[in-house]
Every structure is written in C-alpha cells, then in structure tokens.
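Asker: Please put together the full structure from these sequences, using the hints given.
Position one of the sequence shown corresponds to residue 0 (numbering that gives the first Met the number 0), numbered consecutively onward.
If you're looking for bench data, these hints aren't it; they were derived computationally from the structure. Every residue, glycine too, gets a C-beta built ideally from N, C-alpha and C. Honestly, I wouldn't trust all of these hints.
Pairwise CB distance ranges, derived in the manner of DEER restraints [said to hold, decoys possible]: (1) A117 - S22: 21 to 27 Å; (2) G19 - S116: 53 to 59 Å; (3) S74 - A11: 15 to 21 Å; (4) Y26 - N179: 41 to 47 Å; (5) N145 - D45: 27 to 33 Å.
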Amino acid sequence: MSTKNVVQLALANNRLDRQGYLSLSKYLEKKFPLIILVLQNNPFDDVACAQRFSESVIAHPTLEKLMVDNCGLGSDTQILSAIASTMNRVSVLTLNWNEIGNDGAAAIGNVLSANPSALKTLHVKFNEIDDDGVTPFAEALRTNTNLTDLHLGENDITEVGENSLRKAAFDDTSLITLFNSNHTCKVYVGNNLCPETYAAKKKSIKTKIIVAMFGSDKITLSTRTIPMNMHLFSDAPVELMPVELSFVN
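Answerer: This is the structure:
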C-alpha cells in the first residue's frame, strides 16, 4: 500500500531512535494526508530531534491527533516543550504516562497560556502532577479560550488542586471574576469532571451566573425560591448588562 494514502500511522512499541524520528520527520515534511499519528512507547532522548519532529508536525496540513504516551518526555523539559508546541497544529494531543511532574506541567502550561488555536483536547494523565503542578494549568485556563477538554486524571491532585481548577472555570467571587473565568473548557480529574466546573452541562456565561446567584442551574427563575446573591451585581461588567436584564424579563 502506498504511504501516500495512509491517514492513520501507528508506530507504537517500535523502539524508534534518533534516526527513526528524523526519518519520520522527513516523511511528515512530504505532507501526505495523515490525520492520526500514534507514537506510544518510543522515547525521545534528543532535543534537536524532538524540535525537528515538532516543526514537521506543526507544518503538516492535515494532522489532527498526536499520541505521545509513555515516551519519556518528563526526563527533559526542553524535549517536552518541543512536543507541547505541537498544540499549534493538532486538535488532540495525548501525553499520558510520561512522568512529567510539576516542572513538566509548567512547561505545558506555558504553551497552553498562549492560547494555541488548534488544540481542543489534551490528555495529561498518570504524570505525577500534584497540587503545585495544577497551578500552571489553572493559570493557563484563564487565558485559553480554545481548549474544550483537559484530562488530568490519575495524578496526585487533591481537593486543593481541584479547587484551583474550579476557580479558573467558575470563580463566583464577583461578576467580574465570573466573567473572566474560562467558559470553554471541561476539566477532568480522575474519571469525573472537576467538581463545580459546571461547564460540563452548558458553557454559557448566563448559565454560570444563574448558578452563582441561585445556587443551581435547574431553578425556575420566576419562582425565586432561592435568595439571589445581590452582591454579585455591585461590580458587574458592562458587557454583562444584557444578560442581567434578561433575568428581569
């Protein structure tokens, strides 16, 4: 079969070395219509090689999903940063089982905070990330408006880290903080959505305001059986005025 017709290339467990990755980069540079590339269990051990590979991925016109699980990315943050830069091309990136740790989480957070337009789904499970490592993700979510699903399960994240993620997605301190929260991303810790991110059901800011004011996104507003948190209106952004007025109607 001609490689020109391949749309999914699975190279897991092939012991790719530096030369193997360089050959793969050259293949990608030919811009065949590849959509999915699977590289599990093929460690990267050379920074220049990782950068060359990442550049070939970013320049590829059709690649959508890149799976780089258990490839030893946690051993060198420069290599990890190079691979993370592929967020500028692929819509799905999996980085599970890479022993990334908190330093690696910071490297990934730096790329996420730049709001790469392509990436929609990111998997960073089983990576020894604790509550301190969650901070770069939470900060990145405050500026990232393109990511829709972030998977952080099977790390060392406690309720403290979950709360940081919740605040990034749903900070109801005031309407300004709520307005500035992330309204696009669902965050998964374990097999479940991070508690109280609320973006799971509806991602609209109106839904979040309802939750903040009434304590539930299922309440019938006309009954007003739950007291409104009127303090939220004290510093309401002008941009939210149409939303607020809609509650009156």
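Asker: If a hint holds in the structure, say so; if it doesn't, say that too.
Answerer: The hints, checked one at a time:
no.: 1; hint: A117 - S22: 21 to 27 Å; verdict: 25 Å, holds
no.: 2; hint: G19 - S116: 53 to 59 Å; verdict: 30 Å, violated
no.: 3; hint: S74 - A11: 15 to 21 Å; verdict: 19 Å, holds
no.: 4; hint: Y26 - N179: 41 to 47 Å; verdict: 43 Å, holds
no.: 5; hint: N145 - D45: 27 to 33 Å; verdict: 30 Å, holds
Hint 2 from the list above is the single one not met by this structure.
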